[in-house]
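Hints are included, so try docking the two chains, each in its own frame, into the full complex.
So the chains spell out like this:
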Amino acid sequence: MNEVIGILESITALSVIKVMMVVLLVVYNIFAFLMMRQIKAMNKAVEIGDGFVIRILGVGHFIFAVLVLLVAITVL
Amino acid sequence: MGEIYKRKEEKPKKKESLSVEGLRRSIEKIGRESFFTSLATFPKRVCFGEQNDDEVIVLFLRQHPIVNLPWIVTTIFLLSLPALFVIFPPYTMLPGAYQMVISLIFYLFVMGLALGKFMVWFFNIYILTDERIVDVDFVNLFYRVISTAKIEDIQDVNVVSSGVMETFFNMGTVFVQTAAEVPEFEFSRVPRPDKVGKLINQMIDAEEQEKIEGRVK
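Protein chains in written order, with the working numbering: chain A, 280 to 355; chain B, 2 to 218.
Keep in mind that the hints were calculated from the coordinates and are not lab data.
Please read all numbers here as calculations on a predicted model, not as lab measurements.
One thing to keep in mind: the hints can contain errors.
Claimed, not checked - Covered by chain B, according to a simulated footprint, are these stretches of chain A (three or more residues, beta-carbon under 8 Å):
#1 310-321
#2 326-335
#3 339-352
To be verified - Partial chain A-side listing against chain B, Cβ under 10 Å, derived:
#4 296
#5 297
#6 298
#7 303
#8 304
#9 305
#10 307
#11 355
All C-beta atoms, glycine included, are put in the ideal place defined by N, C-alpha and C.
Next comes chain B alone, as it looks inside the complex (with noise of 0.2 Å):
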């Protein structure tokens, strides 16, 4: 009886080394290193204090470009309240020098306001390198927090993107559980978040084959 079917032979794939050079490779371009970028995969232009010589970034973030619409109608609200300021007769009854003075404080105000809420989007910032994850946050102007965890101390790697906003722009947040000194890093409002969550469980995966092949840094 003649064979039918014979199953070809297959030599199995050799797996492509997770390493810097193979994660370049491997990982798919996110986002670009762009004005104000909010994710952008393999920066050329960041790095932060305490990155060691040999650390590559991998991932840079920041929150969603859209949380700031806010603050920037806000700010856009109040430049306009000036003109409104002639309805009130405390102020009509002031001389123009004290006019011009409390208009320009208000103005004043109302930069440092805007400025001080673009600080904290600017600055919260949360890098994944080769080595660690990174978590810059800038709660205000007299608190800041930088926290970091090894990538072999992440045991868990949730994305949620919940709300008509959040779904509309395409953006999450990842709660990353480590067993580090810190237990959760919470990457807030990111754009893309199921690709960073991939992005963060590829890393994972990098780790373990370096573990693997005696490749620890």
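Pulled out of the complex, with its shape left as it was, chain A reads as follows (with noise of 0.2 Å):
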């Protein structure tokens, strides 16, 4: 009983936040995988010349989420 009560004497509001910050980036790399292969998807359907930029910025977005998200556990 009382390492709960511990454990919950520990949490902070900044705690609060980083968990919900992480959590947060988890489900929007999700999302941002999801943008990638709908682009990669699209681009099957229909073949465009100019359809690499798109794929290259879904790329780019997607690993950019990505490290927001390493950043976000690492730093906080």
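What follows is the structure in structure tokens.
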């Protein structure tokens, strides 16, 4: 019982914010991944000469999302 | 009494065949296949999944690039917002690392928003081939519809251009009524709608000509 109270007492506003941000970023990473997959699927459905640009943008967006998640986990 | 005027016998002109080659010659080249083009005739670097081997893409269309202006302006505005975060006390009370991560998350969201909007424009494609019309509707990330109708099923073509913006930028909407499963195709806010409408009508003529000549695929 005392352990539970101890854990609850150790929860600070900052740790709550950290968990919220990490959870949000994990969900966002899934979204960014789906976005990348959708771009790939669309490029397959309609092949356009400049399709590689949007593919690069999609991959770049996903990499940025992963980097922000890693930064949030390590820095916070 | 002498003859005042004698009409010269004119040889009837041979009607040019409206086959694909005929179309290439008869269709006025509109637009060009450049980077992020929104209008191009006979594009070389475009093909779609259900395209037949001998099917030729006559027209490739997207919405006029100017339709992207609102989200570009919004994105620029949003990108400048983190500079104002310092005004809000809850943000300033946070440690530096938290402030940095919040700013990064904000930039990430803005990037996602801009990419999503760009995708909607990029993948909303209208294709006219020598056999059919294809409408690729990319509504959002999780909803897309690809509709097709044969040229012979096209019943009516209407071109609507209204409003200051559409008149200024020479864009409009081309409505194509069909007897196919999808009763109406809407080529929304495309550049040079009058030319597009004319081209679709030329394709209908070509299809009818093919039917008469017994060259229906």
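Here's how the hints hold up against the structure:
no. : hint    : verdict
1   : 310-321 : holds (count 7)
2   : 326-335 : holds (count 6)
3   : 339-352 : holds (count 6)
4   : 296     : holds (7 Å)
5   : 297     : holds (8 Å)
6   : 298     : violated (12 Å)
7   : 303     : holds (7 Å)
8   : 304     : holds (7 Å)
9   : 305     : violated (12 Å)
10  : 307     : holds (7 Å)
11  : 355     : holds (6 Å)
Consistency with the previously given hints fails for numbers 6, 9, ordered from lowest to highest.
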